[in-house]
Amino acid sequence: MTRFVILLPVLLAAAAAQAAPGPAQQAELDAYTGMAKAADPNFGGFSAARGQALFLATSKTARPDTPSCTTCHTTDPTKVGRTRAGKEIGPMALSAKPDRYSVMADTEKWFARNCDSVLMRACTPMEKGDFITFMTGQ
Amino acid sequence: MARSPALAFLFEDNSARLAAVPPVPVWDLGVRVFHGLLILAVSVCAATGFIASRDWLGLHLLGGEIVIGLVVFRLVWGQSGSTYARFSTFHASWAAISAHVHEIARGERRPHLGHNPVGAAMVLALLVFLAGLVGTGVWALGGVLKQGPLAFLASYTSGLTARSIHNLLAIGILALVGLHLAGVAFESLRVRQNLTRSMITGRKPGPDDEAEPRHSARPLRALLAMALVAGLVVPGTVALSARPGLGVPAGATDPAYARECGACHFAYPASLATQAVWHSLMNGLDAHFGENASLDAAQTASIASYLDLNAAEHFDTLASHSFRLMNPGDPMRLTASPGWTRLHRSIAESVFTTRAVGGKGACNACHQDGATGRFDPQRISIPKEALN
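Protein chains in written order, with the working numbering: chain A, 1 to 138; chain B, 1001 to 1388.
Read the hints as simulated data drawn from the structure, not as lab findings. Among the hints, a few may not be true.
[Stated by the list, open to error] So the derived label-pair ranges between C-beta atoms look like this:
1. B:Ser1280 to A:Pro67: 25 to 33 Å
2. A:Asp99 to B:His1288: 19 to 27 Å
3. A:Arg50 to B:Thr1353: 35 to 43 Å
4. A:Thr83 to B:Ala1125: 54 to 62 Å
5. A:Glu88 to B:Ala1125: 54 to 62 Å
6. B:Gly1135 to A:Asp106: 51 to 59 Å
7. A:Asp106 to B:Phe1050: 48 to 56 Å
8. B:Ala1256 to A:Pro41: 36 to 44 Å
9. A:Pro67 to B:Ile1171: 41 to 49 Å
10. A:Ala38 to B:Gly1262: 31 to 39 Å
11. B:Ser1280 to A:Asp99: 29 to 37 Å
Note that the Cβ used here is the ideal one computed from N, Cα and C, for glycine as well.
All chains, full assembly: derive it from the sequences and hints.
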């Protein structure tokens, strides 16, 4: 029993390291792949690195109160974030919040809002897919 | 120095004469216990009412309940107590009062075993004021806070009026108590008797007043009368208090509203803001306090109609009346309205910015019943972490 308790964090860490999109997340990724291909026939797949860059970047076109995705989501996707109004936001990493990126309508709604707040424009399907690819690997 | 006959008592010594007379029972146990408990209950009400009204409302209400119980008891005891407890021995007519004042002026000292006419008038005035205080208090509680037996009946504005009268009566009772104490001190000096001690021991120096017809206390009759009153009033109060308050939001919160408008902050009860405020908020979701909070057209329309049908105009609670006037410089922010600022002026700015609270707009961090739209004063508690 004691041994198991000591082992537990190790097991959890291992599970986190191997986080992978489940069927619901894969469905969203497939949808964004379709949209990305429609927008650009030469689309060559999503990139977690590009997703991470989008997440961490400080936007030059942002509304004054929301310069970056990290303003609300913090720089660590496994941590809880906070809205400007003070309410907690569950972690963005799939490993830390397994129901992330599972309802397309919600994901679309928040991309629409947050990309507009931070970038003052809509995100492209490729940016959305990159972001989810990064977060499902976290 | 010329000595007026009215004040001659100050210069005489008649203690030897009084000490020679054996004391006789005057104030029965009912009167004395009533008197002691009334002092206690009125002190509690005065302290909680004048000093810390909101935090100690519960104790204030308890004090008020005890006061009205005592007043009712005194009315019953006035019919069924022993001789000097009975109102039939209260000679408080204008004629008696003026005769008494003239006696004082002439320096005469007719013994009054019971209350003298001015004292009797004072007791009756105190009872009337106390009943008035409880009555206006219950009305204010019902109208303003939508609590208690009159919540179903009393409008907010009538409650405010009742509260003003309640405040005036409270000052009035302070004045009466002051006069009462001054009167007791004056009379104690005048007749060379410690009247305060008599109210504790129940005895006064004799001789007995032969003019008053004797009555013995009828405790059983009093008990029966009290039981009858309580049997009617207590269940009645409980039943009335259980009725829905006038203009209190009772319908369930629209789940779509709670989900969508509760995503970034507390889902403000629709009854807090006017239709005009909700209307402009819903028309500007793409630029919502510096953020994009847009919804699709169908959801926007359905939430807008929910807010319209449940806006402040449809309700009569304190919270629904407090934020009708917005700050023109920030016309959609409840927490910038003059009403909100006034209600929260006792709270330091630094309390709101703590993590445990999360901002002025996080009503539910402090108002445990915030989601219902009631905002009862008894349900407020600022998180401890925020107060360090």
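We went through each hint and held it up to the structure:
1. B:Ser1280 to A:Pro67: 25 to 33 Å: The hint (25 to 33 Å, Cβ to Cβ) holds, given that B:Ser1280 and A:Pro67 are roughly 27 Å apart.
2. A:Asp99 to B:His1288: 19 to 27 Å: Holds, since A:Asp99 and B:His1288 (Cβ atoms, about 25 Å apart) stay within the stated range.
3. A:Arg50 to B:Thr1353: 35 to 43 Å: holds (36 Å)
4. A:Thr83 to B:Ala1125: 54 to 62 Å: holds (59 Å)
5. A:Glu88 to B:Ala1125: 54 to 62 Å: This hint holds: roughly 58 Å between Cβ atoms.
6. B:Gly1135 to A:Asp106: 51 to 59 Å: Cβ of B:Gly1135 to Cβ of A:Asp106: about 55 Å, so the range 51 to 59 Å holds.
7. A:Asp106 to B:Phe1050: 48 to 56 Å: Holds, at about 53 Å.
8. B:Ala1256 to A:Pro41: 36 to 44 Å: holds (39 Å)
9. A:Pro67 to B:Ile1171: 41 to 49 Å: Cβ of A:Pro67 to Cβ of B:Ile1171: about 56 Å, so the range 41 to 49 Å is violated.
10. A:Ala38 to B:Gly1262: 31 to 39 Å: holds (35 Å)
11. B:Ser1280 to A:Asp99: 29 to 37 Å: holds (34 Å)
Violation of the numbered hints given earlier is confined to hint 9; every other hint is satisfied by the structure.
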